[in-house]
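There are 2 protein chains.
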Amino acid sequence: MGKTRVSIRDVARESGVSLTTVSLVLNKNDARISEATRERVLDAIQRLDYTPSRLARGLPNRQSKTLAILVPALQHAFADVYFGEIISGIYEAAAERGFRIMLEVARRDYVKRREYLTVLDDCSVDGILFIGASEEHTWLQDFHGTDRPLLVVNNHFTQWDLHRVECDYQQAGRLAADYLTDMGHTRIGHISGPIDKVLTTADLTTAFIERLTERGTRLADQLIVDGKLHVEFGKLACEELLQRDPAITAIFASNDKMALGAYQAIREAGKKPGQDVSVMGCDDIATARLAEPGLTTISMNFLNVGAESCRSLLDLIKTQTGRSKNNAGVNGATNGTVPAESLRVDRRLPVELIERASVQRV
Amino acid sequence: MGKTRVSIRDVARESGVSLTTVSLVLNKNDARISEATRERVLDAIQRLDYTPSRLARGLPNRQSKTLAILVPALQHAFADVYFGEIISGIYEAAAERGFRIMLEVARRDYVKRREYLTVLDDCSVDGILFIGASEEHTWLQDFHGTDRPLLVVNNHFTQWDLHRVECDYQQAGRLAADYLTDMGHTRIGHISGPIDKVLTTADLTTAFIERLTERGTRLADQLIVDGKLHVEFGKLACEELLQRDPAITAIFASNDKMALGAYQAIREAGKKPGQDVSVMGCDDIATARLAEPGLTTISMNFLNVGAESCRSLLDLIKTQTGRSKNNAGVNGATNGTVPAESLRVDRRLPVELIERASVQRV
DNA sequence: ATGAAAGCGCTAACAG
DNA sequence: CTGTTAGCGCTTTCAT
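Top to bottom, those sequences are chains A and B.
For the first sequence, the residue numbers in the numbering used here are 1 to 362.
For the second sequence, the residue numbers in the numbering used here are 1 to 362.
Fair warning: there could be bad hints in the mix.
Said to hold, decoys possible - Each computed EDC-like pair below joins lysine to aspartate or glutamate, with the alpha-carbon atoms no more than 20 Å apart:
| hint | chain 1 | residue 1 | chain 2 | residue 2 |
| --- | --- | --- | --- | --- |
| 1 | A | 112 | B | 121 |
| 2 | A | 272 | B | 268 |
| 3 | B | 28 | A | 122 |
| 4 | A | 271 | B | 268 |
| 5 | B | 272 | A | 214 |
| 6 | A | 65 | B | 121 |
| 7 | A | 112 | B | 292 |
| 8 | B | 197 | B | 214 |
| 9 | B | 271 | A | 292 |
| 10 | B | 272 | A | 292 |
| 11 | A | 28 | B | 245 |
| 12 | A | 271 | B | 122 |
| 13 | B | 271 | A | 268 |
| 14 | A | 112 | B | 92 |
| 15 | B | 112 | A | 352 |
Said to hold, decoys possible - Just some of the chain B residues that point at chain A, by a computed CB distance under 8 Å:
| hint | residue |
| --- | --- |
| 16 | 51 |
| 17 | 53 |
| 18 | 55 |
| 19 | 56 |
| 20 | 58 |
| 21 | 74 |
| 22 | 78 |
| 23 | 79 |
| 24 | 101 |
| 25 | 108 |
| 26 | 111 |
| 27 | 123 |
| 28 | 232 |
These aren't lab readings, by the way, just hints derived from the structure by calculation.
Every residue, glycine too, gets a C-beta built ideally from N, C-alpha and C.
Construct all of the structure, not just a fragment, from the sequences and the given hints.
This is the structure we're talking about:
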């Protein structure tokens, strides 16, 4: 038992150089290190099987090389395909840059204690990615106008502008309207999300209706029902729709889960989804392809959304730490506000129509 | 910009005591701190809005107060209900004890680089919880016989004995056999999991068959089909079963997903699940309750499995760090093996029959 | 009951 | 190109 773990000091001794040198090659700031020394150090590292401590490494510049993924305290949050896919994307992009991922759930007392600030302050993480945000999360105002590195993934707000990366839901709405119109549908029902709470969903619905109007189809208010983004409620919503207008030929659901719920409702009404009633979804989750008939939908590429969100946040963090370094000595006093150079991340990612078998030409 | 973040030093000054004292009250080692001082310190902390750095805190004793959840690189791993539920349970138990959770995916090169050791060595995490293990993960032998804190959640191995916590799959098998028998079924089909790869699933199947035999029902080999734990394959397996013996009155699937797949197959065969053919599942995932008819199943309480796994690992870590401290000065040389006191965690958690509407009395 | 001092393992000025 | 040195913020003996 050689106790005391091998440290940078041992490597220095083993390779006959100083701590600094080892540290330098470790950090790839090797602009100045001679190739020979570099190799010698690398060799020693190998021989000693040395692993630099993340803790010690982070301490001097106060960064943990870790990001937090924050999700609301929904039941089974982690069991959700949507979250799952985004998380996978985040994980990948983070790993690419040597960052680790930490999980945090915004439970009631997590929010009350403002733990989302603590994790930042205690150097547990260098930034936060918030998935599943909605208008209800008013505590997010703690990030409004600050330079705290939080980025909202696939959502945005009316009141505060926070860093964000999201799918282009407006384009998605247009794509759906165009496609349905092109396929000859004019009698259409729409299963929306909770448009007052989730703004992306509002974008989708609005754009869908507008484009439909432009193309000469008016969507009656009563033919828009909230399906709460869930299968079960999607089914309910579809039943409602079918009852209000038994003659609709197509239904556009704001996500695939609700579209699949619609399948069920249509079947139970004794009709065939994708034949008697066309169905179009949005998201392109894995089951959309496996469903019978294959669900025509709009791919949001959530994996990519996660990855791009992560990259943006990482960039943000990098520029911020860079900036604060320069400022440190410069500003003496009255600089309490956010620096002018602080830019907001605000990206919209392209979406894509995926044509399968659930929409018939009429 | 008050730059330099408030540190323990500031708190000490503000409250007129020494660093040591502040540290002591922080760590609740306050056996010796007078109530008066304690309050004064706590007050200062409040006033200064002080948050101790996790990095600095961990450095001296090399612990991060963080656990890793490791999952295999399945597609959509994080989008899986099973994982999701366990993760939620882990999160809760970890939070209870002030631990954070880190996510790690065992991709090909993660394994090749033995990153699972690195995260431990570089003090990123104090322990690892591995979910979704199977016999194929041969690299787990790196943990066999060591005192590295890794615990296998809801799985075990033939070759290595690692710390583990799992549901009592044998009891589950017996419960299912008893129930089906009690309901009068003797012509039974079984959709198993990949029994050669996932041992828990083997336990389940074996116990099911044995108990069935004890109760006088022999399950023909040809009436056992592997459904790979997936909906789609479960459906396929059920079709197979229905073809091999159209007269079976009940089917027991090793998980709910496959049971739900069986529902589909039964329907497509023009029969009614839960009526013409009884179906029983295992796991009690959320959709089991929502299905039509409600699926009779065995609750494994995965949330609890996650939580208990986490607690066991945490205990393990605690006793280990405690022990290593004592040993540090004691053993001089020849002690290369695991200390005799090192106990294996090996727990089996109870399961429960959930009776709903999918099994008819015959 | 409290304080002084010595690290933990690394980074980053600043020298040379 | 490389070494010296001074921390980063906290824990932990060992004194008092």
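Legend entry - Pair hint outcome, residue 112 (chain B) versus residue 352 (chain A) [Cα-Cα no greater than 20 Å]: Measuring from Cα to Cα gives roughly 36 Å; hence the hint is violated.
Legend entry - Restraint status (C-alpha distance of residue 197 (chain B) to residue 214 (chain B) at most 20 Å): Distance of about 26 Å is beyond 20 Å: violated.
Legend entry - Hinted pair residue 271 (chain B) and residue 268 (chain A), Cα distance within 20 Å: Holds - the C-alpha atoms of residue 268 (chain A) and residue 271 (chain B) are around 16 Å apart, at most 20 Å.
Legend entry - Hinted pair residue 65 (chain A) and residue 121 (chain B), Cα distance within 20 Å: holds, 16 Å
Inset, instruction - Below or equal to 20 Å on CA atoms is what counts here, so check residue 112 (chain A) against residue 292 (chain B). - result: It is violated: about 40 Å lies between the C-alpha atoms, which goes past 20 Å.
Legend entry - Agreement of hint residue 74 (chain B) with chain A interface, Cβ distance less than 8 Å: At 10 Å from the nearest chain A Cβ, residue 74 (chain B) fails the 8 Å test, so the hint is violated.
Inset, instruction - Report holds or violated for the interface hint on residue 111 (chain B), using the least CB-CB distance to chain A and a cut-off of 8 Å. - result: violated, 13 Å
Legend entry - residue 232 (chain B) as chain A interface residue, shortest Cβ-Cβ below 8 Å: Holds, because the Cβ-Cβ distance from residue 232 (chain B) to chain A comes to roughly 7 Å (cut-off 8 Å).
Legend entry - Interface hint compliance - residue 55 (chain B) to chain A, C-beta minimum distance less than 8 Å: Interface hint status for residue 55 (chain B): holds (5 Å vs cutoff 8 Å).
Legend entry - Hinted contact residue 53 (chain B) with chain A - closest CB pair below 8 Å: Check passed: Cβ of residue 53 (chain B) comes within 5 Å of chain A, closer than 8 Å.
Inset, instruction - Sort out whether residue 92 (chain B) lies within 20 Å of residue 112 (chain A), counting only the CA atoms. - result: Status holds; Cα separation ~17 Å.
Inset, instruction - For the pair we were handed, residue 272 (chain B) and residue 292 (chain A), check the Cα-Cα distance against 20 Å. - result: Measuring from Cα to Cα gives roughly 19 Å; hence the hint holds.
When held up to the earlier numbered hints, the structure conflicts with 1, 5, 7, 8, 11, 12, 15, 21, 25 and 26 and fits the remainder.
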